[in-house]
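Visitor: Here are the chains, one letter per residue:
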Amino acid sequence: MMAHLTIVQAVNDALRTEMKRNPNVVILGEDVGKVGGVFRATDGLYQEFGPERVIDTPLAESGIIGTAIGMAAYGLKPIAEIQFMDFIYPAYDQIVSELAKFRWRSGGQYAAPVVIRTPYGGGIKGGLYHSQSAEAYFVHTPGLKVVVPSTPYDTKGLLIASMRDEDPVLFMEPKKIYRAIKGEVPEGDYTVPLGVARVVREGNDVSIFSYGAMIHTCLEAAEKAGTEGIKTEVIDLRTLLPFDKEAIMKSATKTGRVVVVHEAPKTCGFGAEVSALLAEEAIEYLRAPIVRVTGFDTPFPYTLENVYLPDADRILNAIKRVVNF
Amino acid sequence: MARTTEKSHDLLQIIRDDGLRDRTLEPSLTDAQLKELYKWMLLVRVLDQRMLNLQRQGRIGFYGTVTGEEAAVIGSAYALKKEDWILPALRQGGAALMRGFPLSLYIAQCIGNSLDVQKGRQMPCHYGYKPANFVAWSSNIATQLPHAVGVAYAAKIKKDPTVVMAYLGDGATSEGDFHVAANMAGVWKAPVVFLCQNNQWAISVPFSQQTAAESIAIKATAYGFQGVRVDGNDVLAVYKAAQTAVDRARAGEGPTLVEAVTYRIGAHSSSDDPSRYRSEEEVERWRKRDPIDRYKNYLRQRGLWSQNFESQLQEELNAQISLAITEAEAAPALTVDSLFEDVYAQMPWHLREQLENLKKTR
Numbered sequence: 001m002m003a004h005l006t007i008v009q010a011v012n013d014a015l016r017t018e019m020k021r022n023p024n025v026v027i028l029g030e031d032v033g034k035v036g037g038v039f040r041a042t043d044g045l046y047q048e049f050g051p052e053r054v055i056d057t058p059l060a061e062s063g064i065i066g067t068a069i070g071m072a073a074y075g076l077k078p079i080a081e082i083q084f085m086d087f088i089y090p091a092y093d094q095i096v097s098e099l100a101k102f103r104w105r106s107g108g109q110y111a112a113p114v115v116i117r118t119p120y121g122g123g124i125k126g127g128l129y130h131s132q133s134a135e136a137y138f139v140h141t142p143g144l145k146v147v148v149p150s151t152p153y154d155t156k157g158l159l160i161a162s163m164r165d166e167d168p169v170l171f172m173e174p175k176k177i178y179r180a181i182k183g184e185v186p187e188g189d190y191t192v193p194l195g196v197a198r199v200v201r202e203g204n205d206v207s208i209f210s211y212g213a214m215i216h217t218c219l220e221a222a223e224k225a226g227t228e229g230i231k232t233e234v235i236d237l238r239t240l241l242p243f244d245k246e247a248i249m250k251s252a253t254k255t256g257r258v259v260v261v262h263e264a265p266k267t268c269g270f271g272a273e274v275s276a277l278l279a280e281e282a283i284e285y286l287r288a289p290i291v292r293v294t295g296f297d298t299p300f301p302y303t304l305e306n307v308y309l310p311d312a313d314r315i316l317n318a319i320k321r322v323v324n325f
Numbered sequence: 001m002a003r004t005t006e007k008s009h010d011l012l013q014i015i016r017d018d019g020l021r022d023r024t025l026e027p028s029l030t031d032a033q034l035k036e037l038y039k040w041m042l043l044v045r046v047l048d049q050r051m052l053n054l055q056r057q058g059r060i061g062f063y064g065t066v067t068g069e070e071a072a073v074i075g076s077a078y079a080l081k082k083e084d085w086i087l088p089a090l091r092q093g094g095a096a097l098m099r100g101f102p103l104s105l106y107i108a109q110c111i112g113n114s115l116d117v118q119k120g121r122q123m124p125c126h127y128g129y130k131p132a133n134f135v136a137w138s139s140n141i142a143t144q145l146p147h148a149v150g151v152a153y154a155a156k157i158k159k160d161p162t163v164v165m166a167y168l169g170d171g172a173t174s175e176g177d178f179h180v181a182a183n184m185a186g187v188w189k190a191p192v193v194f195l196c197q198n199n200q201w202a203i204s205v206p207f208s209q210q211t212a213a214e215s216i217a218i219k220a221t222a223y224g225f226q227g228v229r230v231d232g233n234d235v236l237a238v239y240k241a242a243q244t245a246v247d248r249a250r251a252g253e254g255p256t257l258v259e260a261v262t263y264r265i266g267a268h269s270s271s272d273d274p275s276r277y278r279s280e281e282e283v284e285r286w287r288k289r290d291p292i293d294r295y296k297n298y299l300r301q302r303g304l305w306s307q308n309f310e311s312q313l314q315e316e317l318n319a320q321i322s323l324a325i326t327e328a329e330a331a332p333a334l335t336v337d338s339l340f341e342d343v344y345a346q347m348p349w350h351l352r353e354q355l356e357n358l359k360k361t362r
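Note that the protein sequences, when read in sequence, are chains A and B.
Last residue of the first sequence: 325 (our numbering), numbering continuous.
Last residue of the second sequence: 362 (our numbering), numbering continuous.
Simulated from the structure, these hints should not be mistaken for lab results.
Note that the structure is a prediction, hence the values are computed from the model and not measured.
Any given hint could turn out to be false.
As the list claims (entries may be wrong) - Residues from chain A shown here face chain B by an in silico Cβ test under 7 Å; the list is partial:
{"id": "1", "residue": "M71"}
{"id": "2", "residue": "Y74"}
{"id": "3", "residue": "G143"}
Yeah, the Cβ is synthetic: ideal placement off N, Cα and C, and Gly gets one too.
Excised from the complex, chain A in its bound form (with noise of 0.2 Å):
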């Protein structure tokens, strides 16, 4: 059975489906519980699985994943929201020095199999505090997993993938496509593997790289494209460390054009690392210079946001460069 929902409804619908099965799952967050989060991600899942597994917490970042690494040690597998990624830096020690290293430091003697969910990135009209993409900070970070569904179908895949993982995982949520993007989902149980990139859309000329909400502006940049007779892959990274470096090579070496696309900023963004990765292990395959369109080297803004953010026409731009090199 299939049902037609939107990523927010994937991930309500991934969230409830891992509470049956596994009574250790608990949800903790501001906001999660009667409310049902600010996004509704969380919706009737309170009034389903009552307040010990679906916990309203006070409002403090450390304290939610500082609480849940505790629960983790003790055997529960706590699923944490941090309500935008703008606001998961007052958590960032406790994800980095523990969450993260906390398998490693102990010889392997304990674990901390969080899940932190978080909506993020650009396009709500959110200002400079609700529009982040923080990844690159985490991608950085060894003991985490990092991974950013596009899809309704890949969102309650990899979220189930996510919760059954043994290791930490930071669950980024495009919420611009929360509602925007509607898709097939099968109903009950499935997963879709962390770690491995999908191809959304096939092409000789160009690679493009990208993940989130994003792909979508890349999908059209790439329809565009192919007006022109350009034929452009579009690849969706889906998890960013540890990413698909298969896919990226394979991808690469076919077009011999790469194009790195994300709404964070650029320097050190994770284009950086996609560049860095086919400067080492492809450079003579490729046939032009790699281009990053990404968010600008400044804060997020509140009315520029629509310059600030890539839109197909930046994405088009940088086709038709690597393409006419």
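Since the structure of chain A is already known, use the hints to place chain B on it.
Guide: Leaving out everything else, chain B in the frame of chain A:
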């Protein structure tokens, strides 16, 4: 209740500095238990000296003693059951030993070789030993406190009778995570005991510069639970305060903050020089209130201590430590593979690749 230190009002004390006791407050411990407390305190004292010597000889890289605070550690941990958990800070290695952490593994942790259950990944004194429910900790201050609340609340959700003891120093009470943890523990009525060893110094910063509050215990009031102050150099008083807090937690009455007022006789660590910031007179004043000497006087008055008992015990402990050092130092070094293990449950491709490349260059 007897009074001793500055700010001594409401300070629980059972054994006075001269070893005389308040019989109305004495906990009901058997003679064997009373002697056991002494044995553990003395082990920690002797072990610290031996470990500091190893550090000075270059056989371990770092060490932090708990000299002067043994009663606070041993007295509090003695109140726990086997199934209870400890989230430690820097100076609670003795509690791990008391809960079954083998001496040779304690020493191997400080060496960082293949006998170390943490595989040489942490600086000395960062012990973690799962069979003792003694959780591996980080050097970052106060971060273990939210973990403790999470463990405690998880136990409560699972309807387990587990109690969690979280250790911290006076400096940690200035960190956000202390307040976050205390607040959440209060709201959730979590079965956790915050045991603060107020040893007056956070490296070089004295208690008076750490907080304007008259005590640490008083901070619990803001979070809706009880804070108690206890003479941290009086092992029976610490035990009694901890036991009361542990019993309350187990009975579902929520958290307690116990402030054990004590003093760090030694340096912060082997890398610290306290002569730069505090006077020898101050240290001397606290040496006279030594927890082991005081407890020894108490035991003697109860007929439980003799010079013969002391000499035999010292000899026994030193022999045990020597044996453990020999065993620990004999263990082989770690392999380079171990660096890449346990980052994740299964080694992902990028770590495998880095390990393989590293091996090619060696």
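Visitor: If a hint holds in the structure, say so; if it doesn't, say that too.
Guide: Right, here's what the structure says about each hint:
1. Nearest Cβ of chain B to the Cβ of M71 of chain A: about 4 Å, under the 7 Å cut. The hint holds.
2. Checking Y74 of chain A against chain B by beta carbon gives a least distance of about 4 Å; that is within 7 Å, so the hint holds.
3. Below 7 Å, beta-carbon pairs count as interface contacts, and G143 of chain A has one with chain B at about 5 Å; its hint therefore holds.
This entry satisfies every hint, going by the numbered hints stated previously.
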